[in-house]
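Chemist: Model the full structure from these sequences, guided by the hints.
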Amino acid sequence: MDQRERRGIIRDGIGVGIATGAYGVSFGAISVAAGLSVLQTCALSLLMFTGASQFAFVGVINGGGGAFAGAATAVLLGSRNALYGLRLSPLLGLGGPRKAVAAQLVIDESTAMAIRPPTPELGRVGFWSAGLGVYVFWNLGTLMGALAGEVLPSPRTLGLDAAVPAAFLALLAPRMRGREPWTVALVAAAVALLSVPFVPAGVPVLLAAGVAIVMGVR
Amino acid sequence: MIGAAVACYVLKFAGLSLPARVLANDRVQRVGELLPVALLATLIVTQTVTSGHHIGIDARVAGIGTGAVAQQRGAPFLVVVFVAALTAALLRAM
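If you're matching them up, the sequences are chains U and F in order. All residue numbers for the first sequence refer to this note's numbering, where the first residue is 1 and numbers rise by one. All residue numbers for the second sequence refer to this note's numbering, where the first residue is 1001 and numbers rise by one.
Please note that a few of the clues may not be correct.
Derived, one-sided and incomplete: chain U residues facing chain F with beta-carbon distance under 8 Å [stated by the list, open to error]: (1) A82; (2) L160; (3) A162; (4) A173; (5) G216.
Subject to a maximum C-alpha distance of 20 Å in a straight line, what follows is the list of computed SDA-like cross-link-like pairs (lysine to any residue) [stated by the list, open to error]: (6) K99(U) x A1020(F); (7) K99(U) x P1019(F); (8) K99(U) x S1017(F); (9) K99(U) x A1014(F); (10) K99(U) x F1013(F); (11) K99(U) x A1007(F); (12) K99(U) x L1018(F).
Note that these hints are calculated values from the structure, not bench results. Here the structure is a predicted model, which is why all the values come from computation and not from measurement. Even for Gly, the Cβ is constructed at its ideal location relative to N, Cα and C.
Modeler: Here it is, written out as structure tokens:
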């Protein structure tokens, strides 16, 4: 394996980790603003370790949705990691304890970095460097954000309640290629809005998941 | 919270463990792509215009609007989030 290529990929992986760490700072601050403790916030990043699910979990709880609706939304959003795992498993070819560790690192960034390089060997380097890089910096960022969030004034004054949907917007934008995602997004959002006055908080998001499943298996 | 974290891990582990032909299934692929789209779109809308069971317009709408413009112009994640928060904060401070 070319050492220079290998080093370049490791450097990219750490770079992705640092960038994601900055995003972890915003997660930490938003989570504490939503009412979770610093410990709970850090536990989410250490254990759940999948950004969109974590934002959704604190977002639903902050909206009054309760722990169950928050957990269900987080798990549904985390289901895409299973698809990433399916794609990665022949590339990584792991078993035993290493596979158990690798599984926790299966996220958007590590998958992207594993699929990009030209050879499987470099792909594995990409997976581990981005996976471990993001894990370290995401958790450091979360801790910093959570501690900063504790001393900040009210989340509404800072506009943090607008930061949460904006974070979802930035996560959604790269997925909106072609007509189908737009149709699904608009139908799901309409169903959710129409149901808001009548069902418990958190349920509209789950109805939206139903829309995606119905339109997907059609 | 622990339950959700464990379930998220099980999903990741299952992906590494299932036979590759599951991925070849068109429906699995389609639902896998559409599910995040539907959930994120719904989260954006509900967190922008609802408070409890009420639908209403406040500073958050302006925030997400400027965030969307920043996103459209290719701004990085943190800039989009910051612009949205700043807009809502400034409107409320006025």
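Chemist: Quickly compare the C-alpha distance for K99(U) and P1019(F) to 20 Å and report which way the hint goes.
Modeler: With a Cα-Cα distance of about 15 Å, the restraint between K99(U) and P1019(F) holds, given a limit of 20 Å.
Chemist: With a cut-off of 20 Å on the C-alpha distance, tell me whether K99(U) and F1013(F) pass.
Modeler: 8 Å, holds
Chemist: Are the Cα positions of K99(U) and S1017(F) separated by 20 Å at most?
Modeler: 9 Å, holds
Chemist: Under the criterion that the straight-line Cα-Cα distance not exceed 20 Å, is the pair K99(U), A1014(F) satisfied?
Modeler: 11 Å, holds
Chemist: Per the CB criterion, is L160(U) less than 8 Å away from chain F?
Modeler: 6 Å, holds
Chemist: Hey, does the A173(U) contact hint survive, CB to chain F under 8 Å?
Modeler: 5 Å, holds
Chemist: Would you mind confirming whether the straight-line C-alpha gap from K99(U) to L1018(F) stays at or under 20 Å?
Modeler: 13 Å, holds
Chemist: Given a cut of 8 Å on the nearest C-beta pair, is the interface hint for A82(U) held or broken against chain F?
Modeler: Interface hint status for A82(U): holds (4 Å vs cutoff 8 Å).
Chemist: Next pair to validate is K99(U) with A1007(F); report whether the Cα-Cα distance is within 20 Å.
Modeler: 17 Å, holds
Chemist: Hinted pair, alpha-carbon criterion (20 Å max): K99(U), A1020(F). Please report holds or violated.
Modeler: 16 Å, holds
Chemist: Does G216(U) pass the interface hint, meaning its C-beta sits closer than 8 Å to a C-beta of chain F?
Modeler: 4 Å, holds
Chemist: Verify the interface restraint on A162(U): the C-beta must sit less than 8 Å from at least one C-beta of chain F.
Modeler: 3 Å, holds
In this structure, every one of the numbered hints holds.
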